[in-house]
Amino acid sequence: DQQVKQNSPSLSVQEGRISILNCDYTNSMFDYFLWYKKYPAEGPTFLISISSIKDKNEDGRFTVFLNKSAKHLSLHIVPSQPGDSAVYFCAASEGYNTDKLIFGTGTRLQVFP
Amino acid sequence: DAGVTQSPTHLIKTRGQQVTLRCSPKSGHDTVSWYQQALGQGPQFIFQYYEEEERQRGNFPDRFSGHQFPNYSSELNVNALLLGDSALYLCASSLAWQGMDGYTFGSGTRLTVV
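These protein sequences, in sequence, are chains Z and F. Each number in our numbering comes from the position in the first sequence (counting from 1) with 2 added on. Each number in our numbering comes from the position in the second sequence (counting from 1) with 7 added on.
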């Protein structure tokens with residue numbers, strides 16, 4: 003049972019444009035969500051997070067939107083840069099201080115010149 | 008400031024054998040979590056160790072066991088290896104009660120079972 007779903011395995015975007023990565027979840031107990039970025043041969047690195055009490059969180063070029071009623075979140079990257087090319091994982095947890103993350107299957111983003 | 012260190016980076020084992028993977032947490036971190044990432048999948052939670060005790064466990068069989076040492080480093084042991092155990096094993100460290108933003112992942116150990 004996949005509780006966190008990333009239905010787009012890949013996304014290709016031109017440099018300077020917006021990248022939008024989507025994530026859906028099924029478990030209504032999830033109340034903290036994170037995005038990780040992973041380069042080949044490296045571990046995932048934390049990018050940005052959002053609590054369920056918010057619907058938007060921004061950090062520089064990265065913005066995460068949360069729609070609780072739709073159980074959907076998205077990551078916007080503006081403007082996209084070639085260095086953003088990586089696999090992006092959406093993850094969820096039941097609470098801010100908890101023991102485990104539930105990950106999606108990832109979306110491979112390619113930003114081309 | 009050293010991050011999370013995992014060893015070895017790659018490993019090939021035969022079906023039925025046993026394997027031990029090692030993790031040194033980021034300086035200052037006291038909690039270690041282990042994840043299995045199969046090809047084309049996201050990481051799956053195996054278990055977490057805090058104060059040398061297993062705090063929570065994911066949906067993995069008893070063949071998967073772990074240990075945390077007084078210096079907070081950790082080992083993941085897998086017995087009776089199956090072909091399906093082939094995966095990238097990720098260790099993440101954090102500070103207890105710091106929150107999920109504080110998770111720091113290592114680069115992983117790539118285990119291949121033949």
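Keep in mind that a hint or two might mislead.
Claimed, not checked - Covered stretches of chain F, going by a simulated chain Z footprint (3 or more residues, C-beta under 8 Å): (1) 72–84; (2) 96–108; (3) 112–119.
No lab work stands behind these hints: they were computed from the structure. Small disclaimer: the values here were computed from a predicted structure and weren't measured. Yeah, the Cβ is synthetic: ideal placement off N, Cα and C, and Gly gets one too.
Hint-by-hint comparison with the structure:
| no. | hint | verdict |
| --- | --- | --- |
| 1 | 72–84 | violated (count 0) |
| 2 | 96–108 | holds (count 7) |
| 3 | 112–119 | holds (count 4) |
Checked against the numbered hints given earlier, this structure breaks only hint 1.
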